[in-house]
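**Student:** Same order as they appear, the protein sequences are chains A and B.
For any residue, its number in our numbering is found by taking its place in the first sequence, counting from 1, and adding 6.
For any residue, its number in our numbering is found by taking its place in the second sequence, counting from 1, and adding 6.
Treat the hints as calculated values from the structure; they're not laboratory data.
All values derive from a computational prediction rather than experimental measurement.
Don't be surprised by glycine CBs; every beta carbon is placed ideally from N, CA and C.
Treat the hints loosely; a few may be bogus.
Claimed, not checked - If you want the footprint, here are the derived chain B segments under chain A, 3+ residues with CB under 8 Å: (1) 69 to 76; (2) 99 to 108; (3) 139 to 147.
There are 2 protein chains.
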Amino acid sequence: MTRPRPLVPRGDPADSVRVVGEFGVIGRVLAQAGTARAAQVGPGDDAAVLHAPDGRVVATTDVLVEGRHFRRDWSSAEDIGHKAAAANLADVAAMGATTTALLVGLACPPDTPTTWLEGVAAGLAAECAPLGAAVVGGDLVTAAADSAAVVLSVTALGDLAGRSPVLRSGARAGDVVALAGRLGWSAGGLAVLRRGFSSPMAVVSAHRRPTPPYAAGPAAAERGATAMCDVSDGLLADLGHIATASRVVVDLDRDALVRACLEPNGPLQQVGAALGADPLAWVLTGGEDHALVATFPAWVELPEGWVAIGSVQKAGKNPGVRVNGKSADDVARSVGAEGTGHVHFR
Amino acid sequence: MTRPRPLVPRGDPADSVRVVGEFGVIGRVLAQAGTARAAQVGPGDDAAVLHAPDGRVVATTDVLVEGRHFRRDWSSAEDIGHKAAAANLADVAAMGATTTALLVGLACPPDTPTTWLEGVAAGLAAECAPLGAAVVGGDLVTAAADSAAVVLSVTALGDLAGRSPVLRSGARAGDVVALAGRLGWSAGGLAVLRRGFSSPMAVVSAHRRPTPPYAAGPAAAERGATAMCDVSDGLLADLGHIATASRVVVDLDRDALVRACLEPNGPLQQVGAALGADPLAWVLTGGEDHALVATFPAWVELPEGWVAIGSVQKAGKNPGVRVNGKSADDVARSVGAEGTGHVHFR
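Excised from the complex, chain A in its bound form (with noise of 0.2 Å):
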């Protein structure tokens, strides 16, 4: 078969991951790990056994696929190791917990330089580590014959310490639509990277290394949240999932969202003005800077980092999100946005 151009041109062949070996570059990876303080039993066995004094466990897995979810050239790989844990970390901290173990899967081409991939465990480990958690497993294996491109899968495992999970389904008429984090920096920095710049640094660095709030998640949790998600999808996609799974309508405020997310001036402003693009759309459509967005009954004062951006109303037959009382459809389409948020198979 046509063997495609490597995305970026591949290190020395002497450091390969076919020459040093499966066992070998395990080896290297592994010294890269830390130590998952919940970790029994560590990377090396059949599998891994952790503590889950809680007596549950979370869990929850992302694939990425370079040049579909990340590119060689554009993120270093540390970068790329940050941001696959980062998917997954959010995730569990939108159900509340905290990531206690990640478990790394890899498709690698023979000729993968045993360094980048070095890299990778590196940048995982340097992710998780604040939170006490490290990668205690993994498998390795070649990328299919047609293929130059990495697949990673995370499996990431998290812990409730006691606290019920917040669910997506929990919404209810009169709660506040809160929101910790950064939205719309990953998509400006994409955008950036997309026209050929590599500035401002601040929307490209958050492109490479998104910075979820995971302590938001059981904070919120503690605070009584009603519902939660991470937004990867794009805001408008993944309060979509809230509205849906509690039949209500998430009615976002534009000038709170505003305040909250485009601060005058600031990174995206300038990006969006440079680009000619309006920066409300990477806000409400962009993913990948992993927020996390929760509704919280009314009476409740929102822990520190939350920001209200909304209310959550009944729904009568349709639910779904609005702005200012507009549809999703026609606000993004307004700020010139494709959809309301990342769409696969496109």
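Put chain B on the given structure of chain A with help from the hints.
**Tutor:** Quick look at chain B alone, frame taken from chain A:
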């Protein structure tokens, strides 16, 4: 980029994941998923929540790449689901635990028929169901643009029910080496398929759907097994992991192994005769049957389904595997095997 020809013809485009869309596909796939007895929160939220009454959770992950670990023209979608689950369930069993749930990541080309994905999901579900386990979460993404291959990553979580995990590092001189399950059948089946045949059905079926002895893992743990692993890379290779981790010599008894694995005039003997190969090579170096091997103190009565195939001896300076005192490499060569087991990145 040149798009390589798909390995097998794809189904009706109207049924492809591109047309049905991510969320439609996920809905149809989840309809096959079954319910995990341990699930407090199943699929559809940011993460699943599983009960872990033992206070610990066992976790392992495996990645299967089309063309390397399975072929769509050799295996049905259901077969591939069974096989992907089996590899992980056997890893969990090899710790002395029982699988409670799976998480599944899938990268597939947009023209993959959803019926094929439903078949994989049905196979995963059917393999898990007897244990009370099911798929509780996953991620479905588009494959790399240069690839027509499916990449399937499966994570299994398991429960020790109060037992101590059985590691690879606990074998002691004087222990008995024992086997539960079949060896060489999957390799024999693969040899048959590679020659373009599809019988004898017994070995071809064993390749398509391995039948690991899941219950033998917890039974061995309860009976005091000192070390255990599943045979995924080949008996010599996987016992090598126990020998290295335990710093011992594992000495196999060739006659006992032949009695346990090579029934006179059985399917392996027949295939060997037909293909001009020594079936002992498949027994010693064939992977993917996911038999379990363990070491037990000599005074222990082996649990049901386990048979003795060797003994553990002091290593001196050279831990490793031997057969009747001869080195694994020499023995593998003498039966015509390429090496002691599966090697990645060749």
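**Student:** Look at each hint and say if it fits the structure.
**Tutor:** Checked hints:
1. 69 to 76: holds (count 7)
2. 99 to 108: n = 4 at 8 Å, threshold three: holds.
3. 139 to 147: Answer holds; 6 residues pass the 8 Å Cβ test.
In the structure shown, no violation is registered for any of the earlier numbered hints.
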